[in-house]
Amino acid sequence: MSSRLSFLFPIGLGVLLLAYLSVFHVNQYERAILFRLGEMVGTDFKPGLHLKVPFINNVDTFDARVLTLDTKSERFLTSEKKNVIVDSFAKWRIGDVGLFYTTVGGDEYQANLRLEQILKDAMRGEFGLRTIKQLISEDRTELRKTLLTKLEPVAGKFGIELIDIRIKRIDLPPEVSSSVYQRMRAERERVAREFRSQGAESAELISAEADKQKQVLLANAQRDAENIRGRGDAQSADIYAKSFGKNAEFYAFHRSLQAYQTAFEKTQDTLVLKPDSDFFKYFNSEK
Amino acid sequence: MSSEQHNTSQPTPPPDWKAEADKYWRQVSRRGAAFYRDHQQLFSLPNLGALLGGALALTWLASGVYIVDEGNRGVVTRFGAYSDTTQPGPHWHLPVPIETVRIVNVEQQRFIEVGYSSRFAKAATLPQESPLMLTSDENIVNVRLAVQYQIHNAQDYLFNVKDSEPTLKQLTESVERAVIGRNNMDFVLTEGRSEIVAEIKREIQAAMDDYHAGITIASVNLQDAQPPEEVQGAFEDAIRAREDKQRLINEAEAYANEIIPKARGAAARLLQEAEAYEAEKVAKAKGETERFEQLLVEYEKNPAITRKRLYLEAKEKLYSGSNKIMIEAERNAPQFYMPLQAMPNSHPAAPNPRTEPERGGEASADKGTVRKPAANSELRPSRSKP
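Top to bottom, those sequences are chains V and W. Numbering-wise (the working numbering), the first sequence opens with residue 16 and increments by one. Numbering-wise (the working numbering), the second sequence opens with residue 39 and increments by one.
Hints are all accurate, no fakes.
Derived BS3-like pairs (lysine-lysine); straight-line CA-CA distance at most 25 Å:
1) Lys355/W to Lys281/V
2) Lys353/W to Lys289/V
3) Lys135/V to Lys148/V
4) Lys261/V to Lys319/W
5) Lys324/W to Lys261/V
6) Lys172/V to Lys200/W
7) Lys362/W to Lys296/V
8) Lys135/V to Lys160/V
9) Lys148/V to Lys97/V
10) Lys261/V to Lys339/W
11) Lys339/W to Lys353/W
12) Lys96/V to Lys148/V
13) Lys355/W to Lys289/V
14) Lys322/W to Lys261/V
15) Lys353/W to Lys296/V
16) Lys257/V to Lys319/W
17) Lys207/W to Lys135/V
18) Lys355/W to Lys296/V
19) Lys160/V to Lys200/W
20) Lys257/V to Lys322/W
21) Lys165/V to Lys148/V
22) Lys339/W to Lys324/W
23) Lys289/V to Lys346/W
24) Lys87/V to Lys160/V
25) Lys200/W to Lys61/V
26) Lys160/V to Lys148/V
27) Lys281/V to Lys362/W
28) Lys261/V to Lys346/W
29) Lys353/W to Lys281/V
30) Lys296/V to Lys346/W
31) Lys207/W to Lys87/V
Examples of chain W residues toward chain V, derived with CB under 7 Å:
32) Ala119
33) Gly219
34) Ala276
To be clear, the hints were calculated from the coordinates, so they are not data collected in a lab. Glycine is no exception: its CB is placed at the ideal position from the N, C-alpha and C atoms.
The following block holds chain W by itself, in its conformation from the complex (with noise of 0.2 Å):
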């Protein structure tokens, strides 16, 4: 109720709201109150009873509604019993107790790891086994399997099979270790890796199909095959022996690739230095020859002349450059002294050689008076004739 007055003389005054959302509610409460005055009986119990089991009804049936995402299906079961699979989609299942429906994924690609945990592996909930294992030949292999399966069918994976995901984990080391065994160890850790993922995938499938647990196994990959740790560094060594064996072959390749051209050039070069020398000889004679024989020519034309000719010039070139000592001595002359160490090298001034036989036969040097002792001092004189 509005306690403030309003001047009649001032202009209308702005809506109260307060008083307006008063008045309306007292006029739904008296409408309420006459309607229900006027049908008393429709708001007897039991007719409220009925209203109200009705609308209990209707949700009732309405929780029946269920919608099936895409790549599920919807599994029902009536009393427990088995009845449909639905496909993806809106449905509807008689409610609860009578029908119940469970979605599973069929589509969703999940995995196993044996022998190893990723991070993405469930890692807490399958305990985590050695990955060692026996081959034919007696030896120790260290293998890691990834197993990727998917359920194909809804029905019976959830009723046929307690513990899908561990069944498949112990079949998957039963299987591995059978195929394993059956192969030596060399053709696990080389060649033989897809023949041998292949066959365990068969044997895994084959098992599952025969516990009908309703899994397809997508693909088994072998993430690693490897020997123990304990022997890593031996087999390593063999890998790297076998690098070296072939760099040894090519480092001697190398070396011979190497000395055979040179070899070759070497060879060569014997034979070109010998076809020189044979050239320069040839040459050599043809050149003296040919020089002689046009020598010859002039000579055949006047021998005596030419003759007489190259006797004095080869005399003259012959004493002009040499140190000389004439000796006019007769035969059976007395012995005498000759220093030659004291004679000089260059062109001496002549002397007066017909001086010296007054002294009977004494030779002097040209300019040297020392009587110097030498090693060679006798000297015979020179009979040769020129």
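Just chain V, same shape as in the assembly (with noise of 0.2 Å):
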């Protein structure tokens, strides 16, 4: 019995391993081409478990996710004969793995070499018809859809699935820039301008407006004023016009002789007299 199973033993290895030859398993992020001693046999292989025979096939995979051909900056023409500096990428996939084995070696990389150049003759092209504000401002869709349906078919001959091409970025070139910057900087000071003499003016009328009026008010006040001193005026000369004139005579004398004692009574005054007045009626007589 034990001789039996120690037969067993290497002849169950050895039909695992040729198992393990004769199948092969294709990833779900993959495509697989299967060769038969070099010449490719079959290229449809759903992902999972499949067979093969031990060493006449071989099988080579390949990514079959969205890769990208991120490109180097560029120099471009527009319309208006002005330069751009244009950074794009590209999505795209294997569509037909047979097509893309043999015509880039199924190599990543050489596919994104192939695939930059065509875009980059097809980006040059929609570039030189456009100008700079359209390519900025425009709604991209459609310069996408128009790159794209150029270059599809071209893409297909080498087996590329081209699924978007946007443009990373379109920048004006350095010697420009600067000149955009003053022109923006020119037009910063000219705002600042416009507000600083917006204020001056306004703050002038108001304070102008605001000097105007204390002069109205002055002015007025004073007309008013010299109305309410003359009416007092008048009121006091009526007043003694009126109580004076009740003996005019006896006012004069009263009146006269108040005169008389304000003018003369400095005592720095000197008077030279006549003893001949009403005064001294009784100075020289008794009578």
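Got two chains here, separate frames each, mind docking them using the hints?
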């Protein structure tokens, strides 16, 4: 019995080995080509386990996912004969894997090189038809669709299925950028100047208006004050006239006496008198 | 084997552990050997091989056990082909090489930064490019975004797109420039921020869905939208200018608010002074006239007496205060010399003016005998009638 078992053991191992060499698996994210002695015999393999003939068949697998072509920055001329610096990228995946193998050797790097060339050519053509303003501001879907339509058949020749082409950045060349900054600065300075002069203008208006109001207020008050004073003068004159008018002569007498007193009240005055006035009536004689 | 010899007369010795262990081991090995002898068939090579193989098989099967943590998913492939996505919890898959499982975190919020890198970013892995871009009015702005995303479909994420995160970064750069290129600078820097961010998020999501990347954009955050460094000075000055404008206006209004009330105050004062003058004038008039009228009543009762009295009182007051010179000379008397300057200011002692005419009408000062020449020495006799 043991001899039978010991005989079975290596046979079992051999079977396993054979099984291992007769199958291959394709991952969910892969595409595979089956070769027989160097010749392509099968390209359409769903993910999972498949059979092959050991030693005679061999399998090559390729990344079936969405791959990226990231180009280097390139200068393009616009329709206005101005330069722009453009950086773009494309998204693609393997379409016809057999074609992919025969044209670019199934190499992602090679594929990207080829793709970059045709992409740049197409872009050069499209950019030359548009102005800078169009390129920057217009909806880029239109440009994208044009490029895709143009390039899909070309890429298809390499077994490549183009999914997306996008412009990552459009920049002005550095020498132009500095003049853009200059323009931006000048525009801001203009805005600043405008603000400041508007402020000065409004301030001037406000303070001039205030000054005017002040003048008007004072002038009106002055006029009214004079009126009042006049009124006072008139009223007092009226009172005097009415009162003194009751006996004009007596008023004259009384008032003159007061006037003489006031006029000569200073002790520094010197009066030179003749004693023949009424005052001195009894001065020289007692009669 | 213990070398110690114990005297039997002594009490029971302490247990000797080494001796005991040796004795036990001998028992076990004797039993094991007996077992082996009795069941030799059992230990034949095939049986041993079977046992070993069985143990190996069990281990191999056990390797298919795996646990999916909360927030993760397990993506199971069978011979490479997608088979199933498992939820959090314990699971078992047919062991390698038949089935494999990859765990993907679908709840974690990941993020990428475009146009800058903070210390949380994987700065080394993704290249940073200039954050400057053109607006529709051909101005340049500096924009920094942070994009937060989540894997929402583990299967798509693993199998559809190579380099998902760099892809997202490229798309973000492309989309942000497209969106900002459609708007002018003022809009981008001020009111347009939220609208632009929403637009960018929409477009990135659309593209990622187009690629079936299995990623959902949670949010796009505008970290910063600034004019470029080269022109920031001018931009800041424009802001300062706006503030200056307001400041100038405020200052003027403050000035107006100061002088107008002051002017009103001055105007009121003018009026009040006038009114005071008016009242004073009228009151003075009233006072004087009342005084006069009262006097008038008395006068009219007895005019002659009152008249005389007033006259004499007035003259009395008048003459008592000042210097006096009495001249009794007739008309056509010779002119004489009157040294008025020498007169003192106070009440002089009354000289006897009658002695003077003997000297020929020579007037003399009350006290002074000094005959100093005066500027106005010549004086006519007073002829005013009182």
